[in-house]
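If you want the building blocks of each chain, they are given just below.
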Amino acid sequence: MADSAKPEAHAPNPDIDSYAHESELEAHLQTKSMVINMGPSHPATHGTVRLKVELDGETITKIDPEIGFLHRGFQKSCENVTWTQCLPYTDRLNYLSAMMNNFGFLNAVEKLIGLEIPERAQYIRVIGSELHRLTDHLTCVGATGLEMGGFAPFLYGMEARELIQDRVTELTGARLTTSFGRVGGINRDLPEGWIAKVHKTLTRTEELLVEMDGLLTRNRIFVDRTKDTGVITADDAIDYGWTGPALRACGVDYDIRKVRPYWVYERFDFDVPVGEHGDNYDRYLVRLEEMRQSIRILRQAMDTIPAGPIIVDDWRIALPPKPEVYGTIEGVMAHFKLVMEGIQVPPGEVYDSTEASNGELGWYLVSDGRGRPYKVHVRAPGFPVLAALPHIITGKMLPDLVPTFDTINMIGGEVEQ
Amino acid sequence: MSIFALDRVTAQFPEAVAERYVDRAGGAWAVIHADWLPKVAAFLKNDPELNFKLFGSADAVDRLHLAENDPRFEVVYFLYSLTRHEHVRLKVRVSESKAELPSLAPLYRGADWWERFVWDFYGIRFTGHPDLRRILLYEEFQGHPLRKDYALRDRQPLIPERPIKDIFRGPGTSGIA
Amino acid sequence: MSRILTMLVAMATIVVALAGGVATAYLVGGFVEAHGFTGASRLTNIVFLMLVFVMIIATLLTLAERKWSAFMQDRVGPNRARLGIPGLKNRSLGGIPHIITDVLKMLTKEDFIPGMANRFLFNLGPLLAFAPVFALFAVVPAGPTVTVLGQKVDMVVATPDFGILYLFAIASLAVYGTALAGWSSNNKFALLGGVRASAQMISYEVALGLSLVGLFLTFSSVQLPALVGDVANALSPATGQGQYLWSTQVFGLDIGIPAWGFIIQPLGFIGFFVASFAETKRAPFDVPEGESEIIGYFVEYSGMKFGMFMISEFVEVVVLAGVTTALFFGGHNLPIFGEALANNAFMQEHGWVYGTILGTVFWLKVLFLIWVQLVIRWTFPRFRYDQIQSLGWKILLPVGLVNVFVTAALVLWDPSLRALGVVGILEIAVFVALTLSKKENSEAGAHGDAHGHDHGHAAPAGAHADPHPSAAGAH
Chain A
1 MADSAKPEAH APNPDIDSYA HESELEAHLQ TKSMVINMGP SHPATHGTVR
51 LKVELDGETI TKIDPEIGFL HRGFQKSCEN VTWTQCLPYT DRLNYLSAMM
101 NNFGFLNAVE KLIGLEIPER AQYIRVIGSE LHRLTDHLTC VGATGLEMGG
151 FAPFLYGMEA RELIQDRVTE LTGARLTTSF GRVGGINRDL PEGWIAKVHK
201 TLTRTEELLV EMDGLLTRNR IFVDRTKDTG VITADDAIDY GWTGPALRAC
251 GVDYDIRKVR PYWVYERFDF DVPVGEHGDN YDRYLVRLEE MRQSIRILRQ
301 AMDTIPAGPI IVDDWRIALP PKPEVYGTIE GVMAHFKLVM EGIQVPPGEV
351 YDSTEASNGE LGWYLVSDGR GRPYKVHVRA PGFPVLAALP HIITGKMLPD
401 LVPTFDTINM IGGEVEQ
Chain B
1 MSIFALDRVT AQFPEAVAER YVDRAGGAWA VIHADWLPKV AAFLKNDPEL
51 NFKLFGSADA VDRLHLAEND PRFEVVYFLY SLTRHEHVRL KVRVSESKAE
101 LPSLAPLYRG ADWWERFVWD FYGIRFTGHP DLRRILLYEE FQGHPLRKDY
151 ALRDRQPLIP ERPIKDIFRG PGTSGIA
Chain C
1 MSRILTMLVA MATIVVALAG GVATAYLVGG FVEAHGFTGA SRLTNIVFLM
51 LVFVMIIATL LTLAERKWSA FMQDRVGPNR ARLGIPGLKN RSLGGIPHII
101 TDVLKMLTKE DFIPGMANRF LFNLGPLLAF APVFALFAVV PAGPTVTVLG
151 QKVDMVVATP DFGILYLFAI ASLAVYGTAL AGWSSNNKFA LLGGVRASAQ
201 MISYEVALGL SLVGLFLTFS SVQLPALVGD VANALSPATG QGQYLWSTQV
251 FGLDIGIPAW GFIIQPLGFI GFFVASFAET KRAPFDVPEG ESEIIGYFVE
301 YSGMKFGMFM ISEFVEVVVL AGVTTALFFG GHNLPIFGEA LANNAFMQEH
351 GWVYGTILGT VFWLKVLFLI WVQLVIRWTF PRFRYDQIQS LGWKILLPVG
401 LVNVFVTAAL VLWDPSLRAL GVVGILEIAV FVALTLSKKE NSEAGAHGDA
451 HGHDHGHAAP AGAHADPHPS AAGAH
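Protein chains in written order, with our numbering: chain A, 1 to 417; chain B, 1 to 177; chain C, 1 to 475.
Hints listed in this document are in silico derivations from the structure and should not be mistaken for laboratory results.
It should be emphasised that the depicted structure is a prediction, and the values quoted were computed from it without experimental measurement.
Every residue gets a Cβ at the ideal spot worked out from N, C-alpha and C, and that includes glycine.
Possibly wrong hints are sitting among the right ones.
To be verified - Quick list of simulated restraints, FRET-style, between CB atoms:
1) A:Tyr326 - B:His85: 40 to 50 Å
2) A:Leu176 - B:Arg133: 31 to 41 Å
3) C:Val103 - A:Val339: 57 to 67 Å
What the hints assert, rightly or not - Covered stretches of chain B (chain A as the covering partner; in silico rule of three or more C-beta atoms under 8 Å from a C-beta of chain A):
4) 4 to 16
5) 41 to 55
6) 83 to 95
7) 99 to 110
8) 152 to 160
Stated by the list, open to error - Here are some chain A residues the structure puts well away from chain C; computed CB gaps all over 10 Å:
9) His42
10) Pro43
11) Leu55
12) Asn80
13) Glu159
14) Asp166
15) Phe222
16) Tyr326
17) Gly348
18) Gly371
19) Met397
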């Protein structure tokens, strides 16, 4: 289709070949596949991913994702700063749900130290995580609609996301890169009257979810586009190392919040939606339902959050309160040592994981006891998901690539570290 | 966690396991000899009782600045069992002079990109890997940046632009200029 | 409250402006007929219909689309541009200054031509996309034939014998612009867009033609003025869509169910509307553009050449609304009171008043159909390329064929069209029932249990149910 090549050298012989005229025609009609280059700057590639797509007509015969345009040396940077200073770097992994990265990293560091954080801090971590799970899924579902031409669901999603980000700003002081939480707890308590505001925001979010649901879920065109496209079987998904909503859409019930509850997740009543076909439509539905479950968790957590300290009272780990810093020599010393030398994490190693918005966010940390991480390995949930893209999409049509790319929700920041 | 799985591995392949220990957070580790890695991984994956089918991730540690640093590299694997709901943590030590490991990519498709990642950043080759290219960095990159002897602010030389092969000369011509 | 008031004022302004335009068109037409040569009014009709009405509506549509989509999406819409006139400086004027800024932006942008492009065809592309769309409107009657200043004046540019065939022929020309633009840009994305556009055009031409055959059978004509028809008066009975299926007199005024195309030919109407929607290449049929997949056939165009593609899309919307009005919504005829108005002594004496009223009615119908198109465009996501093909070949084509045979049989059986009307009204009732019925029935099947632990699905928002039966039937 792309362009007709020159006739082949071995011309048909009309005398001996009864179909000579036809093969001659075929020779003129000879086609060759077309390589197109989607990205690194393309409307459908979130972040900067380059997809080298080989097309036969509209069918994808080969696809090679080329990643790394957003690589910023996450691990190398972390190895050269103190443990607390790693926190801003973790923000930039999944920039749509920074708090989950923050807390996942802190959780692993606390495991490495062997530290139990106060209950209230655990509640705040759950609240922050679920708020950011909402923003992440809202963006994903909205973008799925947007890139299939439905602009309205995207803007409904953005409206809800803006409201939630206003609440996040009130809590953390930043919209996207929150750097919230510290080793041993949380660096600031919930603002006054914040919980009532979040309840209101969640009510509005629920309304907007109904709108998105109404525009997309039963929409015949949307269903046609997403159902039975981007299919992956559960076995393949497991083999590729998928986790999170994308794996659950294949029918595998694996949610770390349920099977290995961390913080206070076991106290809340929530369900884990599971799909069955592993196609785009199921991934979309799972995300939609997870948002409703997140709202349930949030409401329960905000209703039952206990009073108490928000960070451990250990001056080797948490900064001492300011009156102590200004008033006592011990306070000054502890503050100075923490800021200048960092938290002295004892030598050792740990692998720990939390459930981030796109799946298992694993951290393998090695400490040599010198106040800086010796090794920070992050298992970004999007990495294996993107690795399976060629398997899913080869042999399918070019327009299927876009919804598939949306629903697997690969985030450039975490995949490319 | 996963002590049972490692017990099974030790029982099955007594000479494969070089060392076992439990870290502070309760994670059980096993250090495997490099030659045995594919067999151990296949056993963990295919044994119906263990069922470690989900390839979590793989990475390496450059132990250059640690007290104990011979052999220099440690490659770590995290596998997950969806029936036992636990991780198994495997370690393989690799020397600098022979930075080579059998690849797990034929066994786990998920290992493909992670091994490319380890090759890219630590320079450890995986024999039997179908497509061992750099993944995040470009082909012309010199060195392997997560090695501890690669300085934080090292500069890379400028490289010439690669030739682009498939640009047509004018619309609809045969495509070869 | 003030928003509603603003909308009412805006609507009144639109009606007054339309009426003014139509009256001017009739009076100028009568004047040149009387003082110039016979047929001179056709020339002024070119100016009025195409340059004034179609062009101005299309220009305003660029704004209306953005405002209306903003309204649908809980946004404010364009309101940043301000005119530096004292007294107006801090008002957004509903975004109208944005039209000026858009034009200025397009005119002042660099006119970029890719190095490897075929320059001649590259420049020809936008023209080929733009001109045929404009020419389409030539056969659409936008008002009745009335006597002004003693001269007969009609509101149509041309009335060729082949009528609607002209429409088909010219409409298919527009795809040359798209395909050439895609090919000559020397860009793979553009090429894909051009190929998609031509494939889409080919598959929908058939359905487009077939959907109108029923209408031709019904009114035994292919000429648009004949299809639109006239109401009954002292001299002649009603023709075309001017006639009633059933009517009665109330206080000397006639009311009833008119024989409009969408009542007697609902299937034809849906087929035509969907197929022509596909030809305008707007969502949900915008695969040639598909801005998130292949950026579109005009990816290499900039400045006013891109603007030509853009404006031709809007002109297409207006023209499509005009053609649909003439074919299926009774053209300039009123649904009721038509005969009373036509036979009013004052109206017969002052033909231009009569023409003005009916011409305004025509343009209001056009505006309504434009609005329907906007709502559809901003409600639905995009089809996939092969789904568009299967919709065209596997649904619209068979439905069109069935429609032809059913219509022919019914017309043969009952030439008064009443049988056709009954069947048509039944079909419309079925569409409405399908649209309003619980959506759960249609899609609950295979994916219903995808929600593992679902807590009941909230009902889809009613506000975004299908805006029109046509949309429901289309899918």
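Now for the hints, and whether the structure bears them out:
Our hint of 40 to 50 Å for A:Tyr326 and B:His85 holds, since their Cβ atoms are close to 49 Å apart. Between A:Leu176 and B:Arg133 the C-beta distance comes to about 32 Å, which sits within the given range of 31 to 41 Å. Here the CB-CB span from C:Val103 to A:Val339 is close to 59 Å, well matched to the stated 57 to 67 Å. With 0 residues carrying a beta carbon less than 8 Å from a beta carbon of chain A, the stretch 4 to 16 of chain B misses the three-residue requirement, and the given coverage is violated.
Check result for the stretch 41 to 55 of chain B against chain A: holds, 3 residues qualifying (beta carbon to beta carbon below 8 Å, three or more required). Residue count for the stretch 83 to 95 of chain B with a Cβ under 8 Å from a Cβ of chain A: 3. That meets the three needed, and the coverage hint holds. Beta-carbon proximity to chain A at under 8 Å applies to 3 residues in the stretch 99 to 110 of chain B; the threshold of 3 is reached and the given coverage holds. Against chain A, the stretch 152 to 160 of chain B contributes 1 residues with a C-beta closer than 8 Å to a partner C-beta. That does not satisfy the three-residue criterion, and the hint is violated.
A beta-carbon of chain C comes within 10 Å of the beta-carbon of A:His42; the shortest separation is about 8 Å. Once the 10 Å rule is applied to beta carbons, A:Pro43 is inconsistent with being away from chain C; the minimum gap is 5 Å. For A:Leu55, the non-interface assignment is contradicted: its Cβ lies about 8 Å from the closest Cβ of chain C, within the 10 Å cut-off. With a cut of 10 Å on Cβ distances, A:Asn80 stays outside the contact zone with chain C, its closest approach being about 39 Å.
Annotated as non-interface, A:Glu159 brings its C-beta within 10 Å of a C-beta of chain C; the closest such distance is 6 Å. No Cβ of chain C comes within 10 Å of the Cβ of A:Asp166; the nearest lies about 16 Å off, and the non-interface call holds. Non-interface call for A:Phe222 relative to chain C: violated, since the shortest CB-CB distance, roughly 5 Å, does not exceed 10 Å. Its beta-carbon lying about 49 Å from the closest one in chain C, A:Tyr326 satisfies the requirement of being farther than 10 Å from that chain.
With a minimum CB-CB distance of about 39 Å to chain C, A:Gly348 clears the 10 Å threshold, and the non-interface call stands. With a cut of 10 Å on Cβ distances, A:Gly371 stays outside the contact zone with chain C, its closest approach being about 46 Å. With 10 Å as the threshold on Cβ separation, the claim that A:Met397 sits away from chain C is violated: the shortest Cβ distance comes to roughly 7 Å.
Hint check: violations occur at hints 4, 8, 9, 10, 11, 13, 15, 19; the rest are consistent with the structure.
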